[in-house]
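Using the sequences and the hints, build the whole thing.
The chain contents come next:
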Amino acid sequence: MEFTAQQIAAFIHGVVDGNPLAKVSNFSKIEEGTPGTLSFLSNPKYSHFIYDSNASVILVNNDFVPERNVKATLIRVENAYESLAVLLSVIERRKPKKTGTSPLAFISTSTIIGENAYIAPFVFMGENVIVGKNASIHSGCSIEDNVVVGDNVTLYAGVKIYEGSKIGNNCLLHAGAVIGSDGFGFAPTDDGSYRKIPQTGNVILEDNVEIGANTTIDRATLGSTIIRKGVKIDNLVQIAHNVEIGENTVIASQTGISGSTKLGKHCTLAGQVGLAGHLQIADGTVIAAQTGVSNSVKQPNQILMGYPAIPIRNFQRSVVVFKNLPELQRMIYALQQKIDELEKKQQ
Amino acid sequence: MEFTAQQIAAFIHGVVDGNPLAKVSNFSKIEEGTPGTLSFLSNPKYSHFIYDSNASVILVNNDFVPERNVKATLIRVENAYESLAVLLSVIERRKPKKTGTSPLAFISTSTIIGENAYIAPFVFMGENVIVGKNASIHSGCSIEDNVVVGDNVTLYAGVKIYEGSKIGNNCLLHAGAVIGSDGFGFAPTDDGSYRKIPQTGNVILEDNVEIGANTTIDRATLGSTIIRKGVKIDNLVQIAHNVEIGENTVIASQTGISGSTKLGKHCTLAGQVGLAGHLQIADGTVIAAQTGVSNSVKQPNQILMGYPAIPIRNFQRSVVVFKNLPELQRMIYALQQKIDELEKKQQ
Amino acid sequence: MEFTAQQIAAFIHGVVDGNPLAKVSNFSKIEEGTPGTLSFLSNPKYSHFIYDSNASVILVNNDFVPERNVKATLIRVENAYESLAVLLSVIERRKPKKTGTSPLAFISTSTIIGENAYIAPFVFMGENVIVGKNASIHSGCSIEDNVVVGDNVTLYAGVKIYEGSKIGNNCLLHAGAVIGSDGFGFAPTDDGSYRKIPQTGNVILEDNVEIGANTTIDRATLGSTIIRKGVKIDNLVQIAHNVEIGENTVIASQTGISGSTKLGKHCTLAGQVGLAGHLQIADGTVIAAQTGVSNSVKQPNQILMGYPAIPIRNFQRSVVVFKNLPELQRMIYALQQKIDELEKKQQ
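Which chain is which? The protein sequence lines are A, B and C, in order.
One point on numbering: in our numbering, the residue at position 277 of the first sequence is 277, and numbering is uninterrupted.
Add 1000 to the 1-based position in the second sequence for our numbering, that's all there is to it.
Add 2000 to the 1-based position in the third sequence for our numbering, that's all there is to it.
It is possible that some hints are incorrect.
Pairs of lysine-lysine, DSSO-like flavour, derived with a Cα cap of 30 Å [unchecked claim]:
1. C:K2262 with A:K45
2. B:K1265 with C:K2345
3. C:K2345 with A:K344
4. C:K2045 with C:K2262
5. C:K2262 with B:K1298
6. A:K98 with A:K166
7. A:K23 with A:K45
8. A:K166 with B:K1196
On the chain B side, residues computed to face chain A include the following (Cβ under 7 Å) [what the hints assert, rightly or not]:
9. P1121
10. F1122
11. S1193
12. Y1194
13. G1230
14. L1325
Think of the hints as simulated: they come from the structure by calculation, not from any bench.
Being a predicted model, the structure only gives us computed values, none of them experimental.
Yeah, the Cβ is synthetic: ideal placement off N, Cα and C, and Gly gets one too.
See the structure below:
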């Protein structure tokens, strides 16, 4: 289908800057824009691409000021990235949705499946599983006994959910994610081996949670590991037993949260971050990539970096000096020597 | 079922401190304790919860001295965490165990399956596979040709075991674990591309090993990658080809061990640790989270931290100074200036 | 089968140093060599094993000079590791290859499968999938609609490929790898929650790419995430959306590449490396383990280390001083005091 710049602007409450009749029928990256496509500029790093882009229409933030002529018709909006999301969502919703239960799935007789759900081949559903309406369960998913899966949930291929876990409405779990594996709990014994602490709790994902591919979330020893509503977790993240993640917190790839740590709301953890166990992290905490956090964070809305974590400005100031350390060491030894000489002369 | 504090104390060799007839029928976390439940206090960080907990019975270590009145009946034991493990294990053992082979599994005619095993739907077993008695193989597991799986082994959903690997008795592998994937071995060629070194060895897990969800263990180039008895490995851990992990070593989540490294017995590796290849790590080595180890560790029972790893006390002393670096640099420059002035005056 | 040293030397263009009629019928590690086996010495760390090895024949590099008597017959070659690869490849190619499509696979009627392909039980193939000749698709793989899989591709068990991705010829994907999961893209909304940015692109793997077990590669938001020909990626690696990896680049385990970053050709990333998003990394860049890269690298063929990354020699010089920081701080304070005293005396 084809739309004009004017039609799109009306839909996303934008202002056309250029030819309102410019037509587009597809999307493109700004650096690869071709005629007839709509692109966007959100990250200023990519601004230089806008002047040569052959995209017919480009979404930009209201405050974008071109330094020279732009060929494309611009649509100015408050947030170009969010407007792009709106447009892409329209396209996504038009895709036909598969429904029905494959005869090649294994469904226990005690399982209840909601209306319009799609259950692919080779899906396993244990006893007393409940699956909500409009759920999409892709091939090879394993849903063990007593699991509850909410409405409008998508489980991509090979998601495994252990016994008794609960998945809220509108959750999206990517391929290979594991929910409810045993927490890593062992008590040392006298002979140097370890006795397993049975992990008898479960995992609860509240509504609107997204979980990345091959991410693992362990069940609690007692009670629940809890992922609050709106939390977004990237690929290959580890959430240990008894952890609680506050609402709308975002966790990037390969981050690990150790057992019993409680993260506040609206936190942002970048990639490869590690949090020690039994911590409390205040609301709005932002943690830079590869940071290691070993103490609780009580003051909200701090930005932390380093290993161990300190406020990011302190880390950045120190790390600049780190590069100078060989020179500073040389200076200290030289100063020592000069002072020794000065003292000798004074005697 | 319901038990009195007295009955429980007798079972775990504890001493009742409070009402011996207090009854419990379930477990709870100490901070969420409700009447009729049994809780425990092991980590001193949680001591403050004991005074307000509504749990009816709480396991504590012998040396716990309450600072004020505790409502619950206490049971004093040598190690509260281990006693909890004992009690939870009793419950676990009572759970009904599934048995039998699903007609929806694919079992080669040359495969041998022991008594009382459970083979779920969509399990694949190649040629000449041997599965021990009481094994539980959950849905979607793939067990390639010539694999041996011991007695009492549990493979949760979607475990993949490549050709020729051996899994000892009483092992527990969590969902999505991969055993026996190719080691990462390539030889550079003249045109800048890489020639794959075929990985013709296998992986051996000895008895009583636990492997976390989505953990990967590569097969050896020649011979075996070996995980010795009693080793416990958490989620998302990478064990490269030709590695050997000594008995009762514990490895936390997201740690990676590079090729041909040999870890001793009774080591403890925290999360996100990285070990370079071809190292020897002495028995009893403890490695703090996010540490990078690039040299062999010859002296046993050291605690290491940092990148690159040094003894933890040295790291901690240096890292404290790291925070002061901007101030120290300022001081050095100031000292330099003063000395220059002093020298000038002396001339 | 049995071969003489002479026969093997002829095959790999080597020179026999010892008994040309020494016979071998299998391979062994040098430290575990037994009579009748062929071993190799490539890494100088293992040189000391050669004198006591019971292997009958050992491949060595041309420049190897024994310090004392070696029992085994040596075959001298330009690159022992590469010659081993050649020999192991011969063995590998002799292994019988499974072919045919299991009746327990689910194949859409619109799917096209090439000659001599092997499709294992419980493989799912959506609409309009194309699979090349000689492909091996192991059990539990999920290949969604419109995916193209090239000739001679191997997908080990449980590989999941999302809709529309393209896998080139001769690619090898290890168990549990996920190709084409959604990029991690969300736009914040006014109420503090996040709106998902639909990820409408795909993933392209060019020819001769190897992907490790449980590695995840996200689809692009628009256009493609691209892995160029000859790239080798280890286990548990994260490749985010819109990333491009240049030809013959090698990425070790647990490394993460953030969104839209473009890596050059012939780069080498060690384990647990993290790259921030929207970077450009020059050809031939080498990045040491656990390094965090937060800026683009413009000059090719540099070796980087540290967090944040700096040239490796600078990092190594500074990290040596890091260990001395407590002593240096003490010295600075002492110097300060002495200078204060000197100044006092001068007044």
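Hints and how they fare:
1. The hinted pair formed by K2262 of chain C and K45 of chain A meets the criterion: a straight-line CA distance of about 14 Å does not exceed 30 Å.
2. The suggested pairing of K1265 of chain B with K2345 of chain C is violated, with an alpha-carbon distance near 61 Å, which exceeds 30 Å.
3. At roughly 13 Å between alpha-carbon atoms, K2345 of chain C and K344 of chain A fall within 30 Å of each other, so this suggested pair holds.
4. Taking the CA atoms of K2045 of chain C and K2262 of chain C, the gap is near 35 Å; set against the 30 Å cutoff, the hint is violated.
5. Straight-line distance between C-alpha atoms of K2262 of chain C and K1298 of chain B comes to about 41 Å, which puts the hinted pair past the 30 Å bound.
6. Note on K98 of chain A and K166 of chain A: the hinted pairing holds, with a Cα-Cα distance of about 23 Å set against a maximum of 30 Å.
7. Between K23 of chain A and K45 of chain A, the direct Cα distance comes to roughly 27 Å. Compliance with the 30 Å bound is thereby established for this hinted pair.
8. Taking the CA atoms of K166 of chain A and K1196 of chain B, the gap is about 44 Å. The hint is violated against a cut of 30 Å.
9. Against a cut-off of 7 Å between C-beta atoms, the interface hint on P1121 of chain B holds, since the closest Cβ of chain A lies about 4 Å away.
10. The criterion of a C-beta within 7 Å of any C-beta in chain A is met by F1122 of chain B, whose closest approach is roughly 5 Å, and the hint holds.
11. Proximity of S1193 of chain B to chain A is violated relative to the hint, the smallest CB-CB distance being about 27 Å (cut-off 7 Å).
12. Nearest Cβ of chain A to the Cβ of Y1194 of chain B: about 24 Å, over the 7 Å cut. The hint is violated.
13. For G1230 of chain B, the shortest C-beta to C-beta distance to chain A is roughly 5 Å, which falls under 7 Å, so the interface hint holds.
14. A distance limit of 7 Å between C-beta atoms decides the matter here; for L1325 of chain B the minimum to chain A is near 4 Å, and the interface restraint holds.
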